[in-house]
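Join these two chains into a complex; the hints should help.
For reference, the chains in residue letters:
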Amino acid sequence: MNQLKRILASLLAVSMLAFASGCGGSSSAPASSAPASSEAPAQSQSAEPAPAPSEVSSASPERPSDSTGSAWFGASSDPFPAIAAEDLKIGVIHITDPAEGSGYTYTHDQGIVGMQENLGLKPEQIIRKNNVNDQDASAIETAILECIEEGCQLIFATSWGYMDTCEAIAEEYPEVIISHGTGYKSNGANFNNYFGRIYQARYLTGIAAGLKTKTNKIGYVAAQNNENSEVTGGCDAFAMGVYSVNPDAEVYVKVTGSWFDPEGEKQAAEALIAEGCDVIGQHCDTPNPQLAAEEKGVWGVGYNSDMSKDAPKAVLTSTVWDWSAYYTAAVQRVISGEWNGQNYFGGMADGLVAYSPLSDLCEEGTAEAIDAAQQKIMSGEWDVFTGPIEDNQGNVVCAEGEKLDDATITGGINWYFKNVTVK
Amino acid sequence: MDLFIKFLVAAVGAGTPLLFGTVGEIISEKVGHLNLGVEGMMSIGACAGFMVGYFTDSFLLALVASFVAAALSALIYAFLTVTLMANQNVTGLTLTIFGIGLSNFIGVYMLERSPNGTLKLPERITASMRSIHIPVLSDLPVVGELLFSYTPFVYLGVAVALLMGFYLFRTRTGLNVQAIGENPASADAAGIEVSRWKYINIVLGGGICGIGGAYCSMIINGGVWISDNVGGLGWISVALVIFAAWKPQMAILGSFVFGALRILKYYMPKSVIDLPVAFYDMLPFLITALVLILSSVHESRGVNIPANLGNNYFREER
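Residue numbers (this note's numbering), protein chains in the order written: chain F, 1 to 423; chain D, 1 to 318.
Among these hints, one or two may not hold up.
In silico DSSO-like pairs for lysine-lysine, Cα to Cα no more than 30 angstroms straight-line [as the list claims (entries may be wrong)]:
| # | chain 1 | residue 1 | chain 2 | residue 2 |
| --- | --- | --- | --- | --- |
| 1 | D | Lys6 | F | Lys418 |
| 2 | D | Lys270 | F | Lys418 |
| 3 | D | Lys120 | F | Lys313 |
| 4 | F | Lys217 | D | Lys247 |
If you are wondering where the hints come from, they were derived from the structure by calculation, not from laboratory data. Since the structure is predicted, the reported quantities are computational estimates derived from the model, not experimental observations.
Next comes chain D alone, as it looks inside the complex (with noise of 0.2 angstroms):
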């Protein structure tokens, strides 16, 4: 039982990098771009928030860095897609190869540099980025583990899926965005600015993309640096929007289905189900292409797929 809620603890941690790749995609892919440079947009911020940590011993401004380098990084993509109207996978699949190399190229240069070999982050903001601790609460049974014992992360991760969800289903601007991803010719002849509203969106979500990779360097690599520390994880992203259906709240759930069954191989006793580690490996994919079959089948349910997803929209085509 104890290592079961150890289990879901690690999962809900295993789960928080996703979470902020997954609901940064979604707030892109709503106004039909499909950004495939995750990966590299959180490789940079995992290196900017990272660096800006090494060197301020702030937590907060080593997340307003990642946040605004990977928004950066998501602009160029928005320059190109957007208003060059370049093509979308290809743009975002460079920025991906873009990001690792310069996320690693800064790191390499700074660990030459570094007196004795390694990065570490400071103890204060290793300190603060940790586990929080609530007096009474955090000390429940069971209770107090579940709820009251991630590091900031995780808290703020749920804060901002939530709020985008709230944005792009509550709001008039939201639903304004999401007709642009639907229908940009009617958006636009709606009276909605649809380049505004896409270059808003996709540097949005490039930053909430930058703050999972931002968990990466400081949080699964202990505060020490390494190389490729986003290692595929910008890239299940990609694949957990399809889970969540294209909505933030749904996010939540399957970042943490999928932390859970990214784990799995490690919590489930040998003694019990003895399976090859491929298998576990694979699971999430499966069940991902379980949900694509059976949101194609279910097409009228639910399914939230913006309808002009990976298409540019070139005004003088009406």
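Looking at chain F on its own, in the form it has when it is part of the complex (with noise of 0.2 angstroms):
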């Protein structure tokens, strides 16, 4: 009796754990892994919760006032002595393999690659250091010290969960310049930010959306709910997107709760196809949704890097990172001695966020549509949250001739734009 108890207790430890690593996917708690995450703040969701957005918008940076300027903004330094191109050492830390599929670190070293290619540097220029779990600290100063001891003068850390020991390893090595992906936090001179505008590129995938469906449904498998602004103004775009060219669609969002969930991500786009919905956008890591429209015949837009090269026949376009535009710029910097410890905000014009070359089963006038839309983005005369925007409640978010501040936009959007419903 007892024996069966002990059993019973022990079995029902599995199954919590089980359900530890049932809701979070990929975080199945013995893994050794760490998730492969769209996003670098989804790391936090394991381990601690991710700061809420007011959190994030407070202790933010001032962001550039408005879209038009310079990608660059915030406190500065001194410039740093210039670094001859040939005696640069550049560090790098990925949270997963590079080598892993379409998602967010593969795309974060295409940009590596890129830059190196840009600016002619060796590969042996370049330290990798790969699969370092963002949630355990002294797995991150291991990895960075051990770049700064091989004579790293430059390091680029791609995820959320660095940020804290990135700061602490700043402050001890002034004259290491550590750049930071995604997050929030920098000191002004060694240690910077950077992140990008992907909504304006996800507003043009969404007219390639628009123009294409013939349910007037469109479909959106969103990682997180509207807790998260990055992810619902990221909807927001690609639903006013849809709107701009054809306001009679609705767009049709299901949350996964999870960036990396291979199994949650599909049966959301086989739901969202089963209710109508004939193109699926995505805003989650894997291309499984992408792959659930091909087997059943309907179209649509991908995320992170271009992945038709996944599913070629359902494909439109895929809203992507270039992120060799910063990684080019910032090494630009370092080089010539302009390096100022300011942060970075990138967009379409610098040519950070893009959507993928649009394939053949695009409507006609799609290329036309989406240029149009490009060139008052880039021009700068107008931006995606650009008022009178109403939500699906009917409350106007934005009145007529305001513009939404780069603060709410990164931190403060939790509502949903009027074609949206939440299914």
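Have a look at this one:
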């Protein structure tokens, strides 16, 4: 009897473990590998809650007041002395392995490779530390210190969870430049922060989706709900793109609640297709929503990298990052002695965000419609979050003639555009 | 109504990897070995099945490979726990970590060498593992969709579960095997070859788990390789064994119910009930806990938990 109780207890413990791993998808407790996340902030989901949007925006360094200015902004120091290109060593800290498919680390590493080619650096000038778990401060510290020891003068840390460790090490090694992606901390000298206006590219891919749909129902698989401003704002931008060319179309959103959930992302897409959606957009890490669309004979809009390599019969275009735009600009500053610790928030005009080449599946006129919108964004005469904007509850969230400021865009969008329904 | 049928169909699909994992684990637990390596064995099966499918373009070979590879990994577990009498929990957890790591390692290695940065199964195998279509039958309204519209894995899974149920409860060998799980010393005294049947069951169970892994890499991910593709389903299978009360036939029901609960969040109209996503994520495990409570209250009734589960058998200890 005692035996039985003991076993039942241990089985219960196992089922609890399963609970933990089941919800988090990849965060299966004993698994050694870190989850591949679409967004670095995701990494904080398992161990510590991500800061609330308000916290982010208040802690956020001041953003440029509008999107037309330079991508570089914020406090600055005296410029660092120039380092000749051939003497430069660059460290890169990745959360997973760059070889892994279409996701987050892959796109960052493509950016590093692009930067290396743009500036004519040699491969051995780049030191990569892969699979550095961003919840493990000692692993992060070891990786960064190894880079410093090997002579790196500049280190890119690509994941959200590296932020605090980067801050501490930057203080200890004031001559080493540490550049951290997606976070909000910086010290205006040798520790800066970089991110981008992906919503601009989402708006443009929304145009492709809006023109393509026959059922006037467009699905969107979102990793997080409206507490996450980046996901929600991206979804809104996509929906506004749809609305701009097809006011009758609706955007149905399903939330997986996880940054990496292969099965959930596929199931969410299938459920959307079952409800009549014939174009599937996504903000999550795997190409599974696109593959589900391909299997069911409908279309889709990918994310992170060009997913037409995974689902060539479904993908119209993908919302993509080109991190080489930032990496090249940052390294260029270091080489020319212009590095002054400013932060970076780049957009379409900087080449940081884009859409992948339109496939033949797109409707006629898609390229022209996207080009027209892109012109307006690139020239700075108009940006996505320009009023009037009405949410799906009937509230005006941005009045006519106004623009959302960058602090709101990065941390304060918790509403859905008027043609969006959360399913 | 149409959406409801689609929900049921999707639930069966979501439950299928769990079905393989659960049946495999039941087979192993019936000889008294709690194998926490299900996630790892599924990962190894996922990798082997995918890679063999990728290179041979044969669905059958992929299935065989996933079975054999996972069975071999279970053999490691069997050797460590049956012959060397290592702690079952530790060995199982190690197998999980090893399996996921090996699977990702091979996957990334292959990805780095793929021509266009993606590993996608060839067209022919993708077509042969997609949902079946039987002329007349699949076109029947409702029934056609509910019974004749699945991937071959679903039918294979149900067949394996029924077969294993028959094996455990209707054959002399199966009853002998169950005796090992209840009281290995008595079984030994009765002339049952304890170690041999432990090996056979653990390895067989591992192989069945491996087919579930192949489902993850080949169906869930649409034939494109991604790392960590089992994504915790192995752990849910371990929990599901309790829900199924150690009966393979019950595992069919259990895995489809769990599958339904896992995808409920995508099909429940927000206009009817608006609950946070986390609530749905919790449901399967809440129900498992309830089953645990109920089954310990009614202990005499139908609980098939092997009395000697989790203990290694030292023959000399008698």
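Problem - Violations among the numbered hints, reported as their numbers in ascending order - result: Number 4 only.
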